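S.K.: Chains as they are written, first to last, in this note's numbering: chain V, 1 to 497; chain P, 1 to 497.
A hint or two may mislead.
Computed spacing ranges between beta-carbons, pair by pair [unchecked claim]:
no., chain 1, residue 1, chain 2, residue 2, range
1, P, E430, V, R245, 48 to 58 Å
2, P, V115, V, Q116, 51 to 61 Å
3, V, E206, P, R175, 51 to 61 Å
No lab work stands behind these hints, which were simulated from the structure alone.
Given the structure is predicted, the values throughout are model-derived calculations rather than measurements.
Where a beta carbon is used, it is the ideal one built from N, C-alpha and C, also for glycine.
Letter by letter, the chains look like this.
2 protein chains.
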Amino acid sequence: MMKAYDDLLTRYADIRKLGLAGSILMWDQNTYMPPGAVEMRGEQQALIAGIAHERLTSNRMGELIRECSSMKDMSPEQASIVREIERQYRRASAIPERIVKELSGLEPVATQRWVQARKMSDFSIFRDSLEKMLSLKREVAELIGYDDIPYDALLDEYEPYMKSRMVREIFGNLRERLIPIVRSISDAVEPGDESARGDFPIPKQESFFRMILERMGYDFNRGRIDVTAHPFTSGSMDDVRVTLRYDENDIRPGLFGTIHEGGHALYEQGFLKEHYYTPLAEPISLGIHESQSRLWENLIGRSVGFWKAFFPLLQEAFPVMKNRNLEDFHGAINIVRPSPIRVEADEVTYSMHIMVRFEIETELMDGKLDVDDIPQVWNEKYEKYLGLELRNDSEGCLQDIHWAMGAVGYFPTYALGNLYSAQFYDRALESIDGMEESISRGEFSSILGWLRENIHQKGKLHTAEELVEKVTGHPLTEDHFISYLKRKYSSIYGITL
Amino acid sequence: MMKAYDDLLTRYADIRKLGLAGSILMWDQNTYMPPGAVEMRGEQQALIAGIAHERLTSNRMGELIRECSSMKDMSPEQASIVREIERQYRRASAIPERIVKELSGLEPVATQRWVQARKMSDFSIFRDSLEKMLSLKREVAELIGYDDIPYDALLDEYEPYMKSRMVREIFGNLRERLIPIVRSISDAVEPGDESARGDFPIPKQESFFRMILERMGYDFNRGRIDVTAHPFTSGSMDDVRVTLRYDENDIRPGLFGTIHEGGHALYEQGFLKEHYYTPLAEPISLGIHESQSRLWENLIGRSVGFWKAFFPLLQEAFPVMKNRNLEDFHGAINIVRPSPIRVEADEVTYSMHIMVRFEIETELMDGKLDVDDIPQVWNEKYEKYLGLELRNDSEGCLQDIHWAMGAVGYFPTYALGNLYSAQFYDRALESIDGMEESISRGEFSSILGWLRENIHQKGKLHTAEELVEKVTGHPLTEDHFISYLKRKYSSIYGITL
Numbered sequence: 001m002m003k004a005y006d007d008l009l010t011r012y013a014d015i016r017k018l019g020l021a022g023s024i025l026m027w028d029q030n031t032y033m034p035p036g037a038v039e040m041r042g043e044q045q046a047l048i049a050g051i052a053h054e055r056l057t058s059n060r061m062g063e064l065i066r067e068c069s070s071m072k073d074m075s076p077e078q079a080s081i082v083r084e085i086e087r088q089y090r091r092a093s094a095i096p097e098r099i100v101k102e103l104s105g106l107e108p109v110a111t112q113r114w115v116q117a118r119k120m121s122d123f124s125i126f127r128d129s130l131e132k133m134l135s136l137k138r139e140v141a142e143l144i145g146y147d148d149i150p151y152d153a154l155l156d157e158y159e160p161y162m163k164s165r166m167v168r169e170i171f172g173n174l175r176e177r178l179i180p181i182v183r184s185i186s187d188a189v190e191p192g193d194e195s196a197r198g199d200f201p202i203p204k205q206e207s208f209f210r211m212i213l214e215r216m217g218y219d220f221n222r223g224r225i226d227v228t229a230h231p232f233t234s235g236s237m238d239d240v241r242v243t244l245r246y247d248e249n250d251i252r253p254g255l256f257g258t259i260h261e262g263g264h265a266l267y268e269q270g271f272l273k274e275h276y277y278t279p280l281a282e283p284i285s286l287g288i289h290e291s292q293s294r295l296w297e298n299l300i301g302r303s304v305g306f307w308k309a310f311f312p313l314l315q316e317a318f319p320v321m322k323n324r325n326l327e328d329f330h331g332a333i334n335i336v337r338p339s340p341i342r343v344e345a346d347e348v349t350y351s352m353h354i355m356v357r358f359e360i361e362t363e364l365m366d367g368k369l370d371v372d373d374i375p376q377v378w379n380e381k382y383e384k385y386l387g388l389e390l391r392n393d394s395e396g397c398l399q400d401i402h403w404a405m406g407a408v409g410y411f412p413t414y415a416l417g418n419l420y421s422a423q424f425y426d427r428a429l430e431s432i433d434g435m436e437e438s439i440s441r442g443e444f445s446s447i448l449g450w451l452r453e454n455i456h457q458k459g460k461l462h463t464a465e466e467l468v469e470k471v472t473g474h475p476l477t478e479d480h481f482i483s484y485l486k487r488k489y490s491s492i493y494g495i496t497l
Numbered sequence: 001m002m003k004a005y006d007d008l009l010t011r012y013a014d015i016r017k018l019g020l021a022g023s024i025l026m027w028d029q030n031t032y033m034p035p036g037a038v039e040m041r042g043e044q045q046a047l048i049a050g051i052a053h054e055r056l057t058s059n060r061m062g063e064l065i066r067e068c069s070s071m072k073d074m075s076p077e078q079a080s081i082v083r084e085i086e087r088q089y090r091r092a093s094a095i096p097e098r099i100v101k102e103l104s105g106l107e108p109v110a111t112q113r114w115v116q117a118r119k120m121s122d123f124s125i126f127r128d129s130l131e132k133m134l135s136l137k138r139e140v141a142e143l144i145g146y147d148d149i150p151y152d153a154l155l156d157e158y159e160p161y162m163k164s165r166m167v168r169e170i171f172g173n174l175r176e177r178l179i180p181i182v183r184s185i186s187d188a189v190e191p192g193d194e195s196a197r198g199d200f201p202i203p204k205q206e207s208f209f210r211m212i213l214e215r216m217g218y219d220f221n222r223g224r225i226d227v228t229a230h231p232f233t234s235g236s237m238d239d240v241r242v243t244l245r246y247d248e249n250d251i252r253p254g255l256f257g258t259i260h261e262g263g264h265a266l267y268e269q270g271f272l273k274e275h276y277y278t279p280l281a282e283p284i285s286l287g288i289h290e291s292q293s294r295l296w297e298n299l300i301g302r303s304v305g306f307w308k309a310f311f312p313l314l315q316e317a318f319p320v321m322k323n324r325n326l327e328d329f330h331g332a333i334n335i336v337r338p339s340p341i342r343v344e345a346d347e348v349t350y351s352m353h354i355m356v357r358f359e360i361e362t363e364l365m366d367g368k369l370d371v372d373d374i375p376q377v378w379n380e381k382y383e384k385y386l387g388l389e390l391r392n393d394s395e396g397c398l399q400d401i402h403w404a405m406g407a408v409g410y411f412p413t414y415a416l417g418n419l420y421s422a423q424f425y426d427r428a429l430e431s432i433d434g435m436e437e438s439i440s441r442g443e444f445s446s447i448l449g450w451l452r453e454n455i456h457q458k459g460k461l462h463t464a465e466e467l468v469e470k471v472t473g474h475p476l477t478e479d480h481f482i483s484y485l486k487r488k489y490s491s492i493y494g495i496t497l
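This is chain V alone, in the form it adopts within the complex (with noise of 0.2 Å):
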């Protein structure tokens, strides 16, 4: 029996290299890749994609799946490495190479529909793609299965095990409690953005972020820092490479983008080396991701303490801070204002946009909501939700790449990544004496050894679920998170919430 499981994990290994491999060329595909490659790239990237779905979908893993589930006295440890291997291999099954081809087609063809009509700001250019791109992933839900409702097939994919009902209760409680406090923000005075804004040259925002990641704990040897236009980590465990944005006169995108970047990168460099190639080596979910970003960028990157270390390096680096204040300056790094366009919204708004999504595409997988709708129905969540009058389907219902790409179920991620955020913050701060003194002096090393230990080293050993339960003690919820919001954004705006 333990001859399988270890054919089991020979193969898997070799499975996990290929993604690796596959997430390197993409690394470079977006930072140094002469464009004339774009297409060759592609045919590289689709033959390793497709020998990787070959080899887990396989008739022998299949039959190594079976008879390793039936393996008497596992450890937690091997369970959960069958458990989520047999997860990959049933989802990357259930789907004919028919509908992969097809999907693999229409991504290329639906992205550029999509940049046009973006650009053109009209919807009708991408609307056949896309309802093509929304009935293949129907298709795919009904390949996968469901309890409930077609939707929870696609979340499955970026958020294993959570169900649309669980996310559409919390997001419901996160709603009504948000409301109120964004009118209440609404109401007050706003910061001003002044203290940071300004002269930033880009070499020296360069070695300020190297420093700020050298402190968070981001270990260089094992990774690097480069310039694209929108800013993502990849790779995992022995190189996992950052890259981030810069502007000249606003030293925020780079800045932030740095932090939130920093916290993915810490999560997969935070593995255990007896774990790689296997499934606890790798991340739990996109949600628990984000956790990380967001617990770094905000919980820890927006707040006072974390200034009181930064500030005076800040002023030292940039001359044109030299007569600013952290005050101030804190402000500008927490402005809320209900805007149009989600990768711009703060952190008390932008779940915001995640609901209205979220609501669209439930609907959209139960057909009960049609294409041509989207607009009209996506211009009236964003009036109700956000109070705001959109004037273009380009900020609009165009804004975003995930649908053209077929990421279907994605979007939800991102606003339980703010949830399990605060609700992990709030854990270590009662279990580290002295967290946030430590953070003031700008010392990671308390937070980031209960994050390894508690998250990071896990891996996959248990679902998303089970381990906010086991680190916090009970279940998500959006309590942290509000209780978060409350106390800080009482303090900056001077207001009671």
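Since chain V is already given, all that's left is putting chain P on it; use the hints.
M.R.: This is chain P only, laid out in the frame that chain V set:
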């Protein structure tokens, strides 16, 4: 029958795509990869190479090749494609997995030993690994088979269809004619090298070299430049990357590294789109590859004509060049002096370094030379051919990494490249009206067009031997190279050669 042929092409294309992905991963490893990722990368590369090998040597591949080989009415292109795929299949299939694994296990160990041995200048540290490597390579040679001597089977890996007998003959002639040239030059007054030294700021070098590559016809849309310790060119077709190194106090290493790698890159960028992923979009041999780099580096890049165009630009870019003159600079970039290190050798003495290695390698493979005698024999040959008394094995038989990597049979291709380059150049000169006048104006479209049409776009349509005959009208000879050296160095050194 055409079905088998199409199937063969499809399978071969996938193998080639895996190789190209591996080539970019290798580029990454030598440029941007974080040091801690070296183990992971090794595993990815081994896996991808293993998959490619498995596919190349599959039974189905063998069947398809047999079917296609008996096809009637094949076009010359089809015949070459089948011939070249069969050649790769045959070589790869000849070597059992046991030896492939032994070799890939030995390489890192041998390389590590070699690094140590070279550092300590102690051959005994490397001795055992080298003996093991040579014994494996002898086994490989026996498995692949040969008509004359075992070395043929190894040489054929790098210079397909070339025979040791031919190399020995042409090297013999070359040596006889080089020795008096080297002697005469050594007796003459050496030009100074001051006019190529001084302050050459790296960013300025970078843009100067970029300009030269653009002028040569290198397509930056399908390529890029980066920095490495040991310059190389990687990739092919639409993704061909060049790496360089810079010496702040001497323009020569960066300059001629650039032109040399640029020559390699133009070859790889010069295949026809319709041939991509077939052997018709692959270089014939390392010797022909080297002919392209050396034609650009030496015959063009170190000519007076080239500098008529570029010397004024060099003076403009680097203030240190201001009061220097073209003639002195041309002398400084053409200094001939016997020296112990191959990679630092000038074009006149370079081939002597290769002959030493060729003679030693063939005798090692024939069992006529014992590993323990390498250092002594090496030193004797350097004294005999180059008049040098070597001080230690670091600047002697431990200087090259090739044997540690198992690259036995590789060295001759460097010297063959010299000979091919001069023979091609002379033919181009006959075919193109005013070629050298164009070069003197910094215009390379006529020479590049000629190389494209006659060499690059042919890929592996012909063998190297056929190509040389077809393009130049006669077999490979040392005549052109010798005439070129005599012409050039009598003028520079003011002597009769």
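S.K.: Looking only at beta-carbon atoms, does the pair E430(P), R245(V) fall within the given range of 48 to 58 Å?
M.R.: About 54 Å separates the Cβ atoms of E430(P) and R245(V), which means 48 to 58 Å holds.
S.K.: Quick check on a hinted range of 51 to 61 Å for V115(P) and Q116(V), using CB atoms only.
M.R.: holds (54 Å)
S.K.: Quick one: are E206(V) and R175(P) within 51 to 61 Å, going by C-beta?
M.R.: For R175(P) against E206(V), whose Cβ atoms are near 54 Å apart, the range 51 to 61 Å holds.
The earlier numbered hints are all upheld by this structure, with none contradicted.
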